[in-house]
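Top to bottom, those sequences are chains P and Z. Just so you know, we're using the numbering used here here: the first sequence kicks off at 1 and counts up by one. Just so you know, we're using the numbering used here here: the second sequence kicks off at 337 and counts up by one.
Quick caveat, the hints were computed from the structure, so don't treat them as lab data. Do not take every clue at face value.
[Unchecked claim] Covered stretches of chain P (chain Z as the covering partner; in silico rule of three or more C-beta atoms under 8 Å from a C-beta of chain Z):
| hint | segment |
| --- | --- |
| 1 | 2 to 14 |
| 2 | 239 to 246 |
| 3 | 315 to 329 |
[What the hints assert, rightly or not] Only pairs whose alpha carbons sit at most 30 Å apart, straight line, appear in this in silico DSBU-like list of lysine-lysine:
| hint | chain 1 | residue 1 | chain 2 | residue 2 |
| --- | --- | --- | --- | --- |
| 4 | Z | K340 | P | K136 |
| 5 | P | K136 | Z | K343 |
| 6 | Z | K398 | P | K136 |
| 7 | Z | K396 | Z | K343 |
| 8 | Z | K340 | Z | K398 |
| 9 | Z | K605 | Z | K660 |
| 10 | Z | K396 | P | K136 |
| 11 | Z | K343 | P | K137 |
| 12 | P | K137 | Z | K605 |
| 13 | P | K137 | Z | K398 |
| 14 | P | K137 | Z | K660 |
[Unchecked claim] Facing chain P, according to a computed beta carbon distance under 7 Å, are these residues of chain Z, among others:
| hint | residue |
| --- | --- |
| 15 | S388 |
| 16 | T394 |
| 17 | K398 |
| 18 | E401 |
| 19 | I403 |
| 20 | L428 |
| 21 | P430 |
| 22 | N435 |
| 23 | L437 |
| 24 | N505 |
Think of the CB as a built atom: it goes at the ideal place given N, C-alpha and C, for glycine as much as any other residue.
These are the residues of each chain, in order.
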Amino acid sequence: MTRFQRYLLNKAFWFFLAFFIALIFNFLLPRLMPGNPVDAIVGQMATGGGLSGEAQQRIYAAYIAEFGLDQPITSQFVTYVSRLAQGDLGISFARSPARVQQLIGQALPWTIALQLPAIIIGWTLGNILGALAAYKKGWLDRGLFPTSMFISSMPYYCLSIILLYVLAVFWPIFPAGGGYSYALTPALNWTFFSSVMEHYWLPFLSLVVIFVGGQAIGMRAMSIYELDADYVRFSRSLGVDDNRIIAYIFRNAMLPQVTGLALAIGSLVSGALITEIVFGYPGIGSLLFSSIRQNDYPVIQGVTLLIMIAVLTANFLVDITYGFIDPRIRARASGD
Amino acid sequence: MIVKNVKAYYVSGSGPDVKAVDNVSLSILEGEIFGIVGESGCGKSTLASVMSLTAGRTLKVKDGEIILNGQSLPLTDRSRVPKEWHGTMVALLPQRAMNSLNPTARVRDLVIDVMHAHHPEIRPADAVERARERLEQLGLPVRVLESYPHQLSGGMRQRVIAVISTLLNPHVLIADEPTSALDVSSQRQLIVLLQQLLEHQFISRIVYITHDLPMLSNFADRIAVMYAGKIAEIGPTVEIVGRPKHPYTQALIGSTLDLDPRLRGSQVKGIPGAPPDLRYPPGGCRFHPRCPHVMNICSIEEPPAIGTEERFAACWWVKDQVDKLSVEGAAS
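Just chain P, with the same shape it has in the complex (with noise of 0.2 Å):
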């Protein structure tokens, strides 16, 4: 076994380590919140009248056995993990008979469509600017720095709120909520496609222009660092052209910018639940959002599990590239 296997199974076993601990929590917490999903069904029910409470009584006792909820905790986990184990997430509680995976199939591609171009166009973006910056200084570091400062340490649902009420309310250029004309129902033809187009400017600049400003702060402070290093000042000393110099410096300050995107990637689902809420987008964080409010544990559960995935996934693939990218932490880890 080489070096680079070893490395590889020991990450391999904090991976699932970590995957099965935060399972077990994935299971629990939903179910330590107050209330319980079946009062909230059959309340809703009674609310229509006509149901004698011998009947509520009967309904609620069907409910709790359909959900397992009667089974003590140890065996609804067993149940679960075994579910779990043959891709069945379960059918969700509030919206039966809706399986989970239909419902965050149904989300998945609006959060991906929304984040996914966000993070990559805001992380090259925010990169080649703080390069820039640190590399040409005078005014456009001058600028670019308190501005990127300011926005970056905004929270991002205050801007949003804030784009909201200004290009939406105060001047109403884009629709101020959802992720398509409720006038339509969703179908592959030009008219839906446009009105996609048009609520998605909204929420994609509220997170661009967040993504921007955090990215180039760190690459500005990294790409400072750098150039006063001594190697920069030995490669000049050598006459060594400029543009390769960039390049020395741009790859070691890229570095920690590398674990930046992939964690944005791997938070991506959990990323801007805020953001879909603000602007009522269609996407995981809203239904997240209110699968809470109704107590439905599969839907909470799936969702957290997704991101628990693409987080753990993200942070395994970080680990992996790294050794790549930077010799020293390959030599470190295979103990050369």
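Let chain P serve as the given structure and place chain Z on it in line with the hints.
Frame of chain P; chain Z shown alone:
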């Protein structure tokens, strides 16, 4: 190589400039190792950065010129340094070998970049081949080319840097305290390597800057003693160590340990006082507040260089001694 009238000041936002190097002129002969010695803050590293054309942004070179190999280069405008001066005319052997190599590149990558910068037509394989030959000639392991910096020991890293610095056969190598972070055996190996580089005529002269006078006296041909931004004394190593003229040189030698058994039991003397603040250097001779032989004129007028260009001391007291001798000589 002639270095003329170098004046290099650090410009601070407020307050007066730090006059780190003030009117320093040197001439360095072909084939020699020329040592510059002085305590911390005397301006020796500043002088090294000016001579190696690597001065930082905060350092303003007010005056100065280098004449090397029949070409002259004014030092005042760093943006107009022709590219071929970097690495082929003047090369730097830096202080901190630890960080002077890009941590994420193999040694061969730097070799390729250095060679390519001066010979755009060279193929990468040929650049590496040249470095390989050079390493073999100098008795260093060829495998270092494939290594990352962190895989090399501190001493090896510094030797590799010395080889890369001299890859383009520069006319002068400016070694700025290259051994300050090394243990004594690595120090020795580096010095031997530098001597080999001279013998093979890969470089034609070395300027070696250090605070370690005893070590320097083992291999330097001539030594310049710097104090507070100025040259106090210059001379062949044996003269500087054996018959120092300037009171500062005498004090410096008096304050170093000597393993000579005849000197066992004798006291090592320190130099009273501290080096001056170079924002407000003392008038006249900059050493006068600490000098045991101080005279009235020392605080008023700058001391003249007494002796020849190759062997002089800038000191009023030395002038006094010389004058007395010549008067006595005339009287007898």
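Handout entry: Evaluation of the interface hint that places Z:S388 against chain P, nearest CB under 7 Å
Key = Check passed: Cβ of Z:S388 comes within 6 Å of chain P, closer than 7 Å.
Practice task
Quickly compare the C-alpha distance for Z:K340 and P:K136 to 30 Å and report which way the hint goes.
Solution key: violated, 33 Å
Exercise for the section: Would you settle whether the hint for Z:L428 is holds or violated, based on the nearest Cβ-Cβ distance to chain P being less than 7 Å? Expected result: holds, 4 Å
Practice task
Double-check Z:E401 for me: the hint is only fine if its C-beta lies closer than 7 Å to a C-beta in chain P.
Solution key: violated, 19 Å
Practice task
Compare the distance between the alpha carbons of Z:K605 and Z:K660 with 30 Å, and conclude whether the hinted pair is satisfied.
Solution key: holds, 28 Å
Handout entry: Closest C-beta approach of Z:L437 to chain P relative to 7 Å, hint status
Key = This interface hint holds because 6 Å falls under the 7 Å limit.
Handout entry: 8 Å C-beta test of the segment 239 to 246 of chain P against chain Z, three or more residues
Key = holds (count 4)
Practice task
Mind taking a look at whether chain Z covers the segment 315 to 329 of chain P? Criterion is 3 or more residues with CB to CB distance under 8 Å.
Solution key: The restraint on the segment 315 to 329 of chain P holds, since 4 of its residues have a Cβ under 8 Å from chain Z and three suffice.
Practice task
Take a quick look at whether Z:K340 and Z:K398 sit within 30 Å of each other, Cα to Cα.
Solution key: holds, 12 Å
Practice task
Mind checking the alpha carbons of Z:K398 and P:K136 for me, to see if they're no more than 30 Å apart?
Solution key: Between Z:K398 and P:K136 the Cα gap is close to 25 Å, so the pair holds against 30 Å.
Problem - Hint check, Z:I403 versus chain P [nearest Cβ-Cβ separation less than 7 Å] - result: Violated - the Cβ of Z:I403 stays beyond 7 Å from chain P, reaching only about 20 Å at its closest.
Exercise for the section: Given the hint that Z:K396 pairs with P:K136, test it: the Cα-Cα distance must not exceed 30 Å. Expected result: holds, 20 Å
Hint compliance for this structure: hints 1, 4, 12, 14, 16, 17, 18, 19 and 24 are not met, and every other hint is.
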